[in-house]
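*Asks:* Here is what each chain is made of, one letter per residue.
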Amino acid sequence: MAHPLEKYLRAGKLPHIWCAGCGHGIVTQAILRAVDELQLDTEKTVVVSGIGCSSRAPGYLHFDTLHTTHGRAIPFATGIKMANPELRVIVVTGDGDAAAIGGNHLIHAARRNIDLTVICFNNTIYGMTSGQYSPVTPGGSFASTAPYGMVEPSFDLCTLVAGAGGTFVARGTTYHARPLTNIIKEAIKHEGFSFVEALSQCPTYYGRRNKLRAPLDMLYWYRDHAVGVSQWEKLTDDEKAGKFPIGVLKKVEHAPEFSRVYSELIARARERSEA
Amino acid sequence: MNETGPRLLQGNEACVEGALAAGLRFFAGYPITPSTEIAEICSLRLPQVGGTFLQMEDEIASMAAVCGASLAGAKAMTATSGPGFSLKQENLGFAAQAEIPCVVVDVQRVGPSTGMPTSPAQGDVMQARWGTHGDHEIVVLSPSSVMEAYTLTITAFNIAEELRTPVVLLMDEIVGHLREKVTLDAAGKLPVVDRDKPSCPKELYKPYGPGQGRLTDVPPLAAFGEGYRFHVTGLTHGEDGSPTNNPKVGERQILRIVQKIASRRDELARFEEISMEDAEVVVVAYGGTARSAKKAVRDARAEGIKAGLLRVITLWPFPETRVAKLREMGLKAVIVPEMNMGQYVLPVKRVIGDACPVIPLNKVAGQFIEPKDILEAIKGAM
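Residue numbers (this note's numbering), protein chains in the order written: chain A, 1 to 275; chain B, 1001 to 1382.
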């Protein structure tokens, strides 16, 4: 019996390149479940990615898919959406791709409130190049380019995107796979810029160096440190220390969406030029 | 809009007119002198025809958005100058590798780095050819008048669509900011080419399938959203667009993106010839510098000196066949004036070999090469 999500896969392109124990398959499955539950039109859905482990996902997905250059998935996606606003555009990216080399594009897409759904597979490390630190690698943890421990402060990606004007911001983890599906569903349905930070374990290049060698260790770490957002709001600052909220962190309904705003601009320009 | 009759137009304005005539529907750019007028005019004109203008957060994003828009089916363009052209190179390579039709305008100014932003130069000739990494071919066209900025922009789109490739329109500050009286209608109704669309059943579509199996073939390109559900990547890929590590498949892909252009070198070659029949000295020039060269050749003829001009319009692929014919003319010299330290003179020298001296004439001070400079060089060669 075929897997219920197989119709969304380019089965011939499997097996995927991800390491045993990697969380990216769980996030990819959450995306496909969301697509399936929403019954998205697969012919009108485009999946765009940058460079890195997570950015390989689109190659396995049976939609129009675009695997771009490092950090640039969002501007490629912006061109697609603006050239054909009927298309639903999902961006798959990683923490290095979205927050380091592509950080500028991330904040500007959020500012425009363009209707893209950006799903950032955050494994807090550059996996593809075997474990260098990223802008979200936790302070003190080890990476191949942080042999003495990470000394740079981290971005909080959700706060960053919310501050830049993103109208839907949420966080999930691979331990909370079903809630992650629901978050992604809500993000896709949201008209405007939606951002989902999906924490995803990298046992090979992060865990191995940071005493979280087994994939399960990292999943349990997510279980023990993530707090649902409604509960999070009730915690004192002391109780929040070392923990992080998951769920929908920001949602602004009915904010003007960029491709729609631009369509109205076109209508005005046409009216004026004909007058 | 759609004005008829004579108009006083700037080269940058004429470029936008040409792009619109060719069917431009998407422009993404970033402000940079001396190309900014192109973005400004696009911001005004594109929405009037239902198109989209985006001022992106940087040059890199502009080139990325152009690639995305083209894959979604729109004829797309960006415009920039030296520093921005450098920033666009990675995604320009992506367009070459993934075979995405688009037009990149570079209005050259003095470099390196910030250089002289408002002064003319032709220092990007080699960057246009080799600026992105890896083996590839690219088509580079260089206009030398306002009218030609119009016609050649249409040509650039046509070549991009026909060959599924980025085309660089290499202008310079002289042509970009030059104002001339032009009658665009005088060009007649120029043909407009649209990319081939697939006609096969959707599930059989191969976005990089070489048609008849020849390396020179250009596969049809579906647009995202048309139901073909295909993959595009900057990784070396097979016919279905998926990445490959198979050396044979990879080599074939690279050979094809090179061969589809290289094999058409002669049909892509465009040039203008003045007084070439009996010339004893030939000036090989392009872009804004060719204007001075034209005057110099005319002045030389007035003095009884048999000078000729070969104005190269298609800079790349290098018009090997035409330039090689100069070898047979028994010339006293070939002069190559350029507003750089000598870039295009290199392939000219390679092809002329020892048939006659090839003399570079260079200026990098942000000033154009004057006719008298070239006339002097002609006389010196006689």
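What the hints contain is simulated information worked out from the structure, not anything from laboratory work. We put the CB at the ideal spot given by N, CA and C, even for glycine. Be aware that a few hints might be false.
As the list claims (entries may be wrong) - The list that follows gives simulated cross-link-like pairs (lysine-lysine, DSS-like), each with its CA atoms no further than 25 Å apart:
(1) 1202(B) with 13(A)
(2) 44(A) with 1325(B)
(3) 1306(B) with 1294(B)
(4) 44(A) with 1306(B)
(5) 1363(B) with 7(A)
(6) 1206(B) with 44(A)
(7) 240(A) with 7(A)
(8) 1295(B) with 1372(B)
(9) 44(A) with 13(A)
(10) 1349(B) with 1363(B)
(11) 251(A) with 240(A)
(12) 1206(B) with 1248(B)
(13) 1202(B) with 7(A)
(14) 250(A) with 240(A)
(15) 1325(B) with 1306(B)
(16) 1294(B) with 13(A)
(17) 1372(B) with 1349(B)
(18) 1332(B) with 1306(B)
(19) 1372(B) with 1306(B)
(20) 1197(B) with 1306(B)
(21) 44(A) with 243(A)
(22) 1295(B) with 1325(B)
(23) 13(A) with 1248(B)
(24) 1206(B) with 1181(B)
To be verified - Covered by chain A, according to a simulated footprint, are these stretches of chain B (three or more residues, beta-carbon under 8 Å):
(25) 1060 to 1072
(26) 1090 to 1101
(27) 1220 to 1229
(28) 1233 to 1240
(29) 1315 to 1321
To be verified - What follows is a set of in silico ranges between Cβ atoms, one per label pair, in the way DEER data are often shown:
(30) 238(A) with 1254(B): 31 to 37 Å
(31) 214(A) with 1194(B): 22 to 28 Å
(32) 1365(B) with 191(A): 53 to 59 Å
(33) 264(A) with 1126(B): 54 to 60 Å
(34) 36(A) with 1320(B): 54 to 60 Å
(35) 260(A) with 1055(B): 15 to 21 Å
(36) 152(A) with 1191(B): 34 to 40 Å
(37) 1254(B) with 104(A): 29 to 35 Å
(38) 25(A) with 1202(B): 37 to 43 Å
(39) 1245(B) with 238(A): 49 to 55 Å
(40) 1043(B) with 260(A): 14 to 20 Å
*Asks:* Now tell me if each hint is right for this structure.
*Replies:* Against the structure, the hints:
{"no.": "1", "hint": "1202(B) with 13(A)", "in the structure": "holds (18 Å)"}
{"no.": "2", "hint": "44(A) with 1325(B)", "in the structure": "violated (53 Å)"}
{"no.": "3", "hint": "1306(B) with 1294(B)", "in the structure": "holds (13 Å)"}
{"no.": "4", "hint": "44(A) with 1306(B)", "in the structure": "violated (64 Å)"}
{"no.": "5", "hint": "1363(B) with 7(A)", "in the structure": "violated (62 Å)"}
{"no.": "6", "hint": "1206(B) with 44(A)", "in the structure": "holds (19 Å)"}
{"no.": "7", "hint": "240(A) with 7(A)", "in the structure": "violated (42 Å)"}
{"no.": "8", "hint": "1295(B) with 1372(B)", "in the structure": "holds (9 Å)"}
{"no.": "9", "hint": "44(A) with 13(A)", "in the structure": "holds (21 Å)"}
{"no.": "10", "hint": "1349(B) with 1363(B)", "in the structure": "holds (19 Å)"}
{"no.": "11", "hint": "251(A) with 240(A)", "in the structure": "holds (22 Å)"}
{"no.": "12", "hint": "1206(B) with 1248(B)", "in the structure": "holds (18 Å)"}
{"no.": "13", "hint": "1202(B) with 7(A)", "in the structure": "holds (16 Å)"}
{"no.": "14", "hint": "250(A) with 240(A)", "in the structure": "holds (18 Å)"}
{"no.": "15", "hint": "1325(B) with 1306(B)", "in the structure": "holds (17 Å)"}
{"no.": "16", "hint": "1294(B) with 13(A)", "in the structure": "violated (58 Å)"}
{"no.": "17", "hint": "1372(B) with 1349(B)", "in the structure": "holds (23 Å)"}
{"no.": "18", "hint": "1332(B) with 1306(B)", "in the structure": "holds (10 Å)"}
{"no.": "19", "hint": "1372(B) with 1306(B)", "in the structure": "holds (16 Å)"}
{"no.": "20", "hint": "1197(B) with 1306(B)", "in the structure": "violated (51 Å)"}
{"no.": "21", "hint": "44(A) with 243(A)", "in the structure": "violated (39 Å)"}
{"no.": "22", "hint": "1295(B) with 1325(B)", "in the structure": "holds (23 Å)"}
{"no.": "23", "hint": "13(A) with 1248(B)", "in the structure": "holds (19 Å)"}
{"no.": "24", "hint": "1206(B) with 1181(B)", "in the structure": "violated (47 Å)"}
{"no.": "25", "hint": "1060 to 1072", "in the structure": "holds (count 12)"}
{"no.": "26", "hint": "1090 to 1101", "in the structure": "holds (count 3)"}
{"no.": "27", "hint": "1220 to 1229", "in the structure": "holds (count 7)"}
{"no.": "28", "hint": "1233 to 1240", "in the structure": "holds (count 3)"}
{"no.": "29", "hint": "1315 to 1321", "in the structure": "violated (count 0)"}
{"no.": "30", "hint": "238(A) with 1254(B): 31 to 37 Å", "in the structure": "violated (60 Å)"}
{"no.": "31", "hint": "214(A) with 1194(B): 22 to 28 Å", "in the structure": "violated (56 Å)"}
{"no.": "32", "hint": "1365(B) with 191(A): 53 to 59 Å", "in the structure": "holds (55 Å)"}
{"no.": "33", "hint": "264(A) with 1126(B): 54 to 60 Å", "in the structure": "violated (44 Å)"}
{"no.": "34", "hint": "36(A) with 1320(B): 54 to 60 Å", "in the structure": "holds (56 Å)"}
{"no.": "35", "hint": "260(A) with 1055(B): 15 to 21 Å", "in the structure": "holds (18 Å)"}
{"no.": "36", "hint": "152(A) with 1191(B): 34 to 40 Å", "in the structure": "violated (56 Å)"}
{"no.": "37", "hint": "1254(B) with 104(A): 29 to 35 Å", "in the structure": "holds (31 Å)"}
{"no.": "38", "hint": "25(A) with 1202(B): 37 to 43 Å", "in the structure": "violated (28 Å)"}
{"no.": "39", "hint": "1245(B) with 238(A): 49 to 55 Å", "in the structure": "holds (52 Å)"}
{"no.": "40", "hint": "1043(B) with 260(A): 14 to 20 Å", "in the structure": "holds (19 Å)"}
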